[in-house]
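Given these sequences and hints, build the entire structure.
Chains U and B, in that order, give the protein sequences.
Under our numbering, the first residue of the first sequence carries the number 198, and numbering increases by one thereafter.
Under our numbering, the first residue of the second sequence carries the number 7, and numbering increases by one thereafter.
These aren't lab readings, by the way, just hints derived from the structure by calculation.
Just to be clear, a hint being listed does not mean it is correct.
Unchecked claim - Here are some of the chain B residues that sit facing chain U, going by a computed Cβ distance under 10 Å: (1) Leu146; (2) Asn149; (3) Asp177; (4) Gln182; (5) Ala183; (6) Leu187; (7) Ala189.
To be verified - Stretch by stretch, here's where chain B covers chain U in the computed footprint (C-beta under 8 Å, at least three residues): (8) 251–261; (9) 271–279; (10) 296–309.
For every residue, glycine included, the Cβ atom is placed at its ideal position computed from N, Cα and C.
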Amino acid sequence: MTETTGLALGLRALTKRYGPVTALEPTDLDIGAGEFLTLLGPSGSGKTTLLNLIAGYTEPSGGTIRIGARDVTRTPARHRNIGMVFQSYALFPHMTVAQNLAYGLEARRVPKAEIARRVEAALALMQLEGYGNRGVQQMSGGQQQRVAVARALVIEPDVLLMDEPLGALDRQLRRQVQVELRRLHLKHGRTTIYVTHDQEEALVLSDRIAVMGKGRIQQLGSAAELYARPANSFIAGFIGESNLPEARVTSVAGGMALADIPALGLSIEAPVVPGVAPGAPARLMIRPEHLRLLPDAGEGQDAGEGIGARIIEVIYLGELTQFGLETSRGAFLVARGMEGRGLRQGDTVRLGWSPRDVLIVPDTGP
Amino acid sequence: MSGRRRLEVLTLLAPALILTLVVFVLPLMRFMALAFTAPDGAFATFATLAESPVYRRVMLNSFVIAAVVTAITAALAWPLAYMLARVRGVWFTLMIYGVLFPLWISILVRTYSWMLLLERNGPVNRAIQAAGLSDTPLPLLFNHTGVLIGMVHVLLPYMVLPLYGAMRAIDPRLMQASDGLGAGLWQSFRRIWLPLSLPGLAGGATFVFLLSLGFYITPALLGGKTSIMLPTLIVAFITEQFNWPMAAAASITLLAAVTALMLVATRFLKLDRGMFAR
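What follows is the structure, given as structure tokens:
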């Protein structure tokens, strides 16, 4: 995690409504200086609305935005000193690469000699030396993406915003650029807010991830926190994969709950996250890698603990193998691991897991 | 194989080529050849034109009027095209039909309508007097004013549509990006919007300028005897003086002037360089 020295951006009760539709519920968010924060969510989750509000392209319906000590809620975008990288890059097509980079500096009335120096430095930072006089149309997609980042960084913004900047690149290039962006962030150390719907991208890049859904931040935390203790079933399903059978909670005490799992036909005791209460809809989270496959030993010693299931699907993933399983009650579960190479479709197995690896989470619906 | 290909292409093009050649190119060349058949010598007609103050004035008048019409349509079309590129739904439909509708009405009808509107005791003059802007009726017809009003009206769509096309193609995010980089409204307009809409402006201006120079009906009807443009003069050579060589010489001069002007303009605007292409 990058070292943070104070607050770069603070949102208080920031809200956006379009008529009767709420695009962003009242949202509080604090971002430390130098932090790389990702807004992760499916389309329509409010992440782009939040980004546009911070950039100043959208007027908030309520709440405040602070950059450092300045209240910029009513400040037009051009006075916010924010660098923005658009998904479409939005490079000025009639200008060269160097003219694109110089644009923001000219608007700030930076002296000519300094503009030339800073443009050169930005080109060097993005490994675009020698491309200054190229027309942006002549650049490849990956190069245009770097020009867009350079143009946003050269103005030395207080906050760097990136709106799905890798969306237009093919998969191979995307992986490479992810790593580059991460290294770049360590180099320039600017506070960055990154919007994506790709959870892998979020995991690679971020110090913290804000998972967005239904116009609100569902959970905010490091990748490891979100993965280990998701706040609800939406996040459990969105960060990584998970089996999420329904859980009927009968009692909660001391961070543990007793629950019936109808799909598995058993009662268990498992840790809970806040928000789980008897009678409230909840789900049991079992990560595929935590589900263990035991050969059906009939009268074996573990027989009493496990659940019977039939393998209906075997997918070879290289170092891992993934199994699709149907329990005797008709529920479908996924298991993934390095074991079980000898198992085949149609085999019956018994399923087991360690009680501390599962979690009962509130059900937020589909 | 390629020889056969060429034959196929030629066969397919032949009807159109032959028709164009027979009913357009040949008569045109024959008409232009007339310029060199005057009894006083092959180039006598051009000498007469060059010495004639009337012809010079008409030529100048034509180019000035065409230039002014182009400038006025550009000024009127620019905000209209801007709005067209931004509005959606019903407003867009209303506006685009407002632009296109006049094109569906005969130029003759539109020009006569302007005569009714602009005459001494017409509604325009009555409105001006009722508003107290003038005590006496203004001379709006049979002069430059009448020609300009009529031509601007007829030619406006030819400026609006290319401009609208160019503006529609501008990614609105470019303006957001400019804004975010710290540029003010005027700067964003001058450095992003204006240069990116210039190809449309150049296209529209070319259209309007060329159409203006060749315009006959509207200047003839609304210009009267005081604002004569070249086509009117050429027609007068033929119908009033039965002087075909002079008409042909005037046509050739107009064609040559337009060609020269367009060559300079393309050179100057660097349209072929794709500088403004998206």
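Quick rundown of the hints versus the structure:
Because the smallest distance between the Cβ of B:Leu146 and any Cβ of chain U comes to about 42 Å, over 10 Å, the interface hint for this residue is violated. Because the smallest distance between the Cβ of B:Asn149 and any Cβ of chain U comes to about 42 Å, over 10 Å, the interface hint for this residue is violated. The criterion of a C-beta within 10 Å of any C-beta in chain U is met by B:Asp177, whose closest approach is roughly 6 Å, and the hint holds. Because the smallest distance between the Cβ of B:Gln182 and any Cβ of chain U comes to about 5 Å, under 10 Å, the interface hint for this residue holds.
Evaluation of the B:Ala183 hint against chain U yields a held restraint, the C-beta minimum of about 4 Å falling below 10 Å. The criterion of a C-beta within 10 Å of any C-beta in chain U is met by B:Leu187, whose closest approach is roughly 4 Å, and the hint holds. Checking B:Ala189 against chain U: minimum C-beta separation of about 4 Å stays under 10 Å; hint holds. With a threshold of 8 Å between beta carbons, the proposed coverage of the segment 251–261 of chain U by chain B holds, since 3 of its residues qualify and at least three are required.
Figure legend: the segment 271–279 of chain U, annotated as covered by chain B; annotation consistent (7 residues with Cβ-Cβ distances under 8 Å, at least 3 required). A count of 4 residues in the segment 296–309 of chain U with a Cβ less than 8 Å from any Cβ of chain B is obtained; the coverage claim is therefore met, three being the minimum.
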